[in-house]
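Trainee: So the chains spell out like this:
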Amino acid sequence: MGYVWDQIRGAIPLITHGNPYIMHLLWVSVRVALISTSAALVVGLPIGLALGLGRFRGRRALQILANASLALPPVVVGVGLLTLLLPQGAFGSLRIEFTLKAVYIAQAILALPYIVALTPAAIQALPPGLLAQARALGAGRVQLSIFALREAKIGLLAAVIAALGATISEIGAVVIVGGSFQGTDETLASALVDQFNYTGHDPVATAIAILLLAMILVLGGVLTVIQQRTGGIQLRFRAA
Amino acid sequence: MHLIWEELRVALPMIWHGNPYLFSIIWFTLQVAAVATGLATLIGLPIGLLLALGRFPGRRFLRALANASLALPPVLVGAILYLLMTVQAPLGSLRLIWTREAVFIAQTILALPFVVALSAAAIEALPDGLLAQARLLGASRRQLCTLALREARIGVIAAIIAALGTALSEVAAVTILGGNIYGYDQTLASATLFEVNGGHYADAVAIAIVLIAMILILMCGLGVLQQQGGGIRLRFRSAT
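As you go down the protein sequences, you meet chains A and B in turn.
Just so you know, the working numbering puts 176 at position 176 of the first sequence, and the rest follows in order with no gaps.
Just so you know, the working numbering puts 220 at position 220 of the second sequence, and the rest follows in order with no gaps.
FYI, nobody ran anything at the bench for these hints, they're computed from the structure.
In this text, a Cβ means the ideal position worked out from N, Cα and C, and glycines have one as well.
Among these hints, one or two may not hold up.
[Said to hold, decoys possible] Stretches of chain B that chain A covers, calculated by requiring three or more beta carbons in the stretch to come under 8 Å of a beta carbon on chain A:
#, segment
1, 68 to 75
2, 170 to 180
3, 194 to 205
Can you make the complete structure from the sequences, with help from the hints?
Mentor: Structure below.
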C-alpha cells in the first residue's frame, strides 16, 4: 500500500496550498455545473411541468421519451453537437467549437433529461387528491404550476442535484466538444482523464481525484439531508 | 447543414457494408456489456436481496451507501483502480493495466451499484404485507428470496437494463484503464472519443450511430417492461 499512500501524501499539499492549475480546474467545474444546470432548469422546468400537470394526447409517450433520454450516451451528444458546431456545420459561423461555451451547451443538453424526467416524477408522487383539489377550487394554470412546484420542491431539488452531479462528473461530451485544452476548457473530470492519457500518474491526478470526490460527497450530503427532511414531510401528510 | 450529410454519406456505408474495424468494436462492446452486467448481477443481486430483506444493524446505513454509490463518477473509479493496478501498486504484479481484463473489471464495478441499489429498491416497493405474510407463513430464507425476486422481477430486470446501459455508454474508466488501444480494447463509446480526437469525424459518427441504436433497443425493452409493470400494479390494486 506504500505506493497509494505516497500518491495521497503528494496530493494533499497541492490542494491545501492551492496549486493554480488545480484551482482553475475546480473553478471551471463549478462554473460548468452552475451555468449548465441553470440553463437546463430554464428550458426543462416548463417542459417538466407540462408533462407532470398537462392533460393532452401523447403525454405518456412524451414522458417515456423523457425517461429514455436519461440514457443518452454523452459521447453521442458530443459527436452530434460537434457536427453542428464545426466550421462547415449548421452553427459553424458562431465559432464556438472547442471552447468553454461549447462545453456549457453540451452539459446543459446532458442535464436537461434529469430536469425534464424527474420533475413530472416528483409531481406525480404528490398525494393523489392534492392537485385535483386545487383544480376543483378553481386554481388557474399558473397558480397550479406554482403550487405543484412548491409541494414537489424536494423532488425537484433532488433532480437539480442529480443534474449538478452529472455535469460535474461527465467527460464524454466535454472532451469531444471542448477539445480538452489544458487550462481553458478542462473540467476536473476531463483533466483527470487527460492526466492518465498524456502525463502518466502523478500527485496532480490524485489531487484532482480527491477534489472531484469531495464535490460529489458534498452534493450527496445535501441530498441526504433533504431526503431526511422528506421523511418528516411525508409524516406530516400522513398525520394530517 | 451539408457537413452532416457528408458525414452520413461516409458513415452509413461503413455500417451497411460491415467495416471490419467497426465490427471488432461492436463485438468487444457486446463482450464488455455481457461480462460486466453478468458479473454485476451475480455479485449484486445477493447484496441487493440482503439489503432489502435482511434485518441487521447498519442495514439503513449500507442501503444509503448503495444509493450514494450510484453517483460515483466513473472517472474517479477509473483513477482509483489505476492507482491500485499500475505497475508499482498493490495489484501491479497482476499486469492488468491497459488490458481487456481491466476494462471488464472497471465496467463490472460501475454496473454493480445499479444492480444493488435498484434491485433493493424494487423489492422494497413490493406491497407492504406481501413479504411479512410469507415470513409469517414460515417461509425459509431461500424461499423468501425466491418470492421477493419473482414478485419484483420487473424492477430487477429494469435494474439489469440500467447496468447494461452504463456498461455500453461509459467512457471514462474504459479509457483510463484500457488505454483506448486501437482495435484491442476499445468499446463503441471510447472508440468514438478516439476517432474525434484523431479528427475522423465520419468514423466517429458511424460508431455513434451504432451506439445510439443499441441504447434505443435497450430503452424499448425497458418501455415494454414498464407497460407490463403498470399492468401488474393494476392487478395488485384491484386485489386489495
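Trainee: Against each hint, give a clear statement of whether it holds in the structure.
Mentor: Do the hints match the structure? See the list:
1. 68 to 75: With 6 residues in contact (Cβ-Cβ under 8 Å with chain A), the coverage given for the segment 68 to 75 of chain B holds.
2. 170 to 180: holds (count 5)
3. 194 to 205: The restraint on the segment 194 to 205 of chain B holds, since 5 of its residues have a Cβ under 8 Å from chain A and three suffice.
When the structure is compared with the earlier hints, no violation turns up for any of them.
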